[in-house]
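In order, the protein sequences belong to chains R and W.
The first sequence begins at 619 in the working numbering and counts up one residue at a time.
The second sequence begins at 619 in the working numbering and counts up one residue at a time.
Keep in mind that the hints were calculated from the coordinates and are not lab data.
Glycine included, every Cβ here is placed at the ideal spot set by N, Cα and C.
One or more hints might be untrue.
Stated by the list, open to error - With a cut-off of at most 20 Å between alpha-carbon atoms, the simulated EDC-like pairs for lysine to aspartate or glutamate come out as follows:
no., chain 1, residue 1, chain 2, residue 2
1, W, K799, R, D930
2, R, K644, W, E663
3, W, K644, R, E684
4, R, K644, W, D745
5, R, K844, W, D930
6, W, K689, R, E826
7, W, K799, R, E826
8, R, K844, W, D778
9, W, K844, R, E684
10, R, K799, W, E826
11, R, K844, W, E788
12, R, K799, W, D778
13, W, K699, R, D930
14, W, K906, R, E684
15, R, K699, W, D930
16, R, K689, W, E808
17, W, K844, R, E826
18, W, K620, W, D672
19, R, K799, W, D930
20, R, K689, W, E879
21, W, K730, R, D742
22, W, K699, R, E889
23, R, K730, W, D672
To be verified - Computed footprint of chain R on chain W; a stretch qualifies when at least three of its residues, placed anywhere within it, have a C-beta under 8 Å from a C-beta of chain R:
no., segment
24, 637-645
25, 655-662
26, 883-894
27, 935-946
Protein chains: 2
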Amino acid sequence: MKSRIKKIYENLCEEVDGILIMNSTKPHVDMTFFYVTGLIHGEFEGSGVLLYPDGEAEILTSALEEESALKSGMPVTAIRKREEREEWLKDKLKGMDKLGINSTELTYSAYKKIGENTDAEIIDVSDEIIEARNIKDDEEISRLRDACRIASDVAEEMPDIIKPGMREYEVAAEISYRMKKLGATGDSFEIIASSGPNTAEPHFTTSERKVSEGDFVLLDFGALYKRYCSDITRTFVVGEPSEKQKKIYGTVLEAQKAALETIAPGVKGEEAHNAAAEVIDSTEFEGKFTHGLGHSIGLSVHDGSGLSPSVDIELEPGMVFTVEPGIYIPGYGGVRIEDDIVVTEDGYELLTDASKEELRIIK
Amino acid sequence: MKSRIKKIYENLCEEVDGILIMNSTKPHVDMTFFYVTGLIHGEFEGSGVLLYPDGEAEILTSALEEESALKSGMPVTAIRKREEREEWLKDKLKGMDKLGINSTELTYSAYKKIGENTDAEIIDVSDEIIEARNIKDDEEISRLRDACRIASDVAEEMPDIIKPGMREYEVAAEISYRMKKLGATGDSFEIIASSGPNTAEPHFTTSERKVSEGDFVLLDFGALYKRYCSDITRTFVVGEPSEKQKKIYGTVLEAQKAALETIAPGVKGEEAHNAAAEVIDSTEFEGKFTHGLGHSIGLSVHDGSGLSPSVDIELEPGMVFTVEPGIYIPGYGGVRIEDDIVVTEDGYELLTDASKEELRIIK
Chain R
619 MKSRIKKIYE NLCEEVDGIL IMNSTKPHVD MTFFYVTGLI HGEFEGSGVL LYPDGEAEIL
679 TSALEEESAL KSGMPVTAIR KREEREEWLK DKLKGMDKLG INSTELTYSA YKKIGENTDA
739 EIIDVSDEII EARNIKDDEE ISRLRDACRI ASDVAEEMPD IIKPGMREYE VAAEISYRMK
799 KLGATGDSFE IIASSGPNTA EPHFTTSERK VSEGDFVLLD FGALYKRYCS DITRTFVVGE
859 PSEKQKKIYG TVLEAQKAAL ETIAPGVKGE EAHNAAAEVI DSTEFEGKFT HGLGHSIGLS
919 VHDGSGLSPS VDIELEPGMV FTVEPGIYIP GYGGVRIEDD IVVTEDGYEL LTDASKEELR
979 IIK
Chain W
619 MKSRIKKIYE NLCEEVDGIL IMNSTKPHVD MTFFYVTGLI HGEFEGSGVL LYPDGEAEIL
679 TSALEEESAL KSGMPVTAIR KREEREEWLK DKLKGMDKLG INSTELTYSA YKKIGENTDA
739 EIIDVSDEII EARNIKDDEE ISRLRDACRI ASDVAEEMPD IIKPGMREYE VAAEISYRMK
799 KLGATGDSFE IIASSGPNTA EPHFTTSERK VSEGDFVLLD FGALYKRYCS DITRTFVVGE
859 PSEKQKKIYG TVLEAQKAAL ETIAPGVKGE EAHNAAAEVI DSTEFEGKFT HGLGHSIGLS
919 VHDGSGLSPS VDIELEPGMV FTVEPGIYIP GYGGVRIEDD IVVTEDGYEL LTDASKEELR
979 IIK
């Protein structure tokens, strides 16, 4: 993954002699470890990787994960005792004047440990790391495409799998199972399978509620595939939809299309958000789109950037985002439609392709 | 969760005016947030909770998760813009002389942000937090018991579900699905479903390999239930076991029993490890038990402590550990048997109860 390491170094405003990525105990593992090593399998708690300006790197890990680490093709130091970690730090950081670290994914405790073992000035290079990670390379897009295909295939079949009377958590179990049977290693986040009034809470997960006649059923989930995250939402209705349900769904769909039409290099992320918000705010559902349009995805499901008024970014080819407008009416229900896209030279490519043109009916 | 907050304060050697737990973007969320709030649902990225010496607390979160946060019964400040987070910090930390933080689960970036918004001296209270979290209270043990029951029930049925020819990742999909159908919200870590020579790698996850006649099949997994993690391992054999397979299995089982017999308040964690290691090292499998005997479980699957020569702890009632000796023969295969226990006043209670006395056969 030399090209990724070089990309990080190219972004630096200030030269450093090395960049040290250090993982702590889960969940506090720096996803950048997997970005620079490309490793698919393994936990790598307490492991580290030291990146050099020429694109070379070396890994520190426990003896238990030596075999897995070697698959990176990088030199590996495998330790059996905790003390050996400090020896490795002392040895490798010796003589460095400036050392880069990733403050947004490094624990304060690990930061202190690094400081105790080096005289180098410590420089925060987290902005440069996220800048590199925001532009996905071909291998990353390939993994994301697979993660998106798995999620899309499952979204496509769900209206036929769900039956009235199923409980929300049983629907989530079906989604997760079907993704794993297609090769996902896990869910990219806790699945949202909400129904009826629960669909009005954008971050609802699941409950014991039974899917019932007249409900909206909102499914928001993603596959984890070779460590990359997809993220899709489809909303269905149980039985024939009411006029109001059709109107809400149609408005969200129109808002998503308006947002997608803006996506191209050079466009501000905020513009895509505003395009969707304007569609919704021009209807009786004004003010009911209560979150940002989307977030970047990659090794994390919130991968460092977003399409919203609070994030100042200009789109570039290789950036990957969710596009997910919604309308939420407390006590009644909500609709969200979410797809994943990669920005291309002349627009965008849709990575998720489950059908959405019609409000699909659960029978 | 006043009692938990008070427990943390009772552990302090140095008085502080408040303890601030701050979450960053996933996966960098401090599990202590859920320990002190008791909240079951929600992501709470970028959220925080400020703990006071009298056991009171207040939450900062985004408007999107206000409803979820209110279920804690604590006062909640819901923000819509990032700037409001800093205003909240400034306002709440004003006048404090000493502020506690949890260095092992706080990012360095969040640490800096706290420092910019307070004049208080910042004190690392991570040891005191982990000391409190290590002794589970009744509510925690109840959740762990349920998480363990779900994992046990699935472990019990798996030898009848697995058929020769199934791929390892399909076995993992079955495990995850069955746990979710029993109410788990997820896997507590990436499932290990290894077969044949793959069972010799303790941290293997899954591959496309087909389960075949003569294989050991090792399943290591856990249920996430109301945020608490269980962790069980059972090893099976496909078809009639060889003498060598029976001997390996019997040795691991004997080692686990020897370790369990030592578990009681006042015992050193290392002693339990050594009891298992001595059984294994007195056989032809000397040196093939290559990891620690166990780790504490709770809100994290590696919850801060362990039963091994490298961790200096004395067992106390309420501590919850895995007990998981194994024998690994590179190129041939491995066996691990893992159960979860809670230390009681006069010994321990087994939380996982899937059968293990005989090496079970997959047909």
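Please write out, lowest number first, the hints stated earlier that are contradicted by the structure.
1, 3, 5, 8, 9, 19, 20, 23, 26 and 27
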